[in-house]
Amino acid sequence: MDAVNFATITSSAVIIPSTATPLDAAQAIALNNNNNKAGRRWKSKNGERLRDARGYRLRAAGICARRNEAGEWELLLVSAQRGPHRWVIPGGGIELGEQMDEAVLREVEEEAGVRCEVLETLGEFKDDDRLHRTTLFLLRSVEALDEWEDGRSGRLRRWAGLRDSLELVKPSQRIMLELSARRIAEIEKTARSAR
125 MDAVNFATIT SSAVIIPSTA TPLDAAQAIA LNNNNNKAGR RWKSKNGERL RDARGYRLRA
185 AGICARRNEA GEWELLLVSA QRGPHRWVIP GGGIELGEQM DEAVLREVEE EAGVRCEVLE
245 TLGEFKDDDR LHRTTLFLLR SVEALDEWED GRSGRLRRWA GLRDSLELVK PSQRIMLELS
305 ARRIAEIEKT ARSAR
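If you count by the numbering used here, then the sequence shown holds residues 125 to 319, one letter each, in order.
Treat the hints as calculated values from the structure; they're not laboratory data.
Check each hint, because a few of them may be wrong.
Each pair of labels, with its calculated beta carbon distance range [what the hints assert, rightly or not]:
(1) Ser317 to Ser277: 38 to 48 Å
(2) Arg210 to Ile311: 23 to 33 Å
(3) Glu241 to Ala194: 19 to 29 Å
Beta carbons: idealized from backbone N, C-alpha and C, even for Gly.
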């Protein structure tokens, strides 16, 4: 796999250019098999979760966007399971044998009951405090389900404009929303100039 220019977003919300090659689940498994201390596979409630050779949990998160009836962009948030911030960006760990783009689609459907399609990879969010490496995807909403896995246990979904979203999520996720908003604006500008 060729190196990709990724933006690495640290927990201090600084964007640092990087030439990191993102790991797919197969590469992570190879690292896990070669490093028994930091690169273990971890079991979670839904399935095996992967860690890289440095011990970072590999995650995928999705900024799912749609236009509301007024034609304005809205972003999907889900209720937090714990902590002071009520709303978060949907995402979670990558399971054994799963590609990152598959993981983000599964996580968004499980947590928010929304089926999406992947538009593009936005970058990588690295949280050194929690040892998480999250690949961030820009998604387009395809279908909102009436019933979904986490919804049965009381988890809620909410569509909010960017300004409201920034106020609702925890500070470490604000940079992810801002990055997504910039990319959506670029996509819109390109679409307008192509007309």
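Evaluation of the provided hints:
no. : hint                         : result
1   : Ser317 to Ser277: 38 to 48 Å : 46 Å, holds
2   : Arg210 to Ile311: 23 to 33 Å : 29 Å, holds
3   : Glu241 to Ala194: 19 to 29 Å : 23 Å, holds
In summary, the structure agrees with every hint in the numbered list given earlier.
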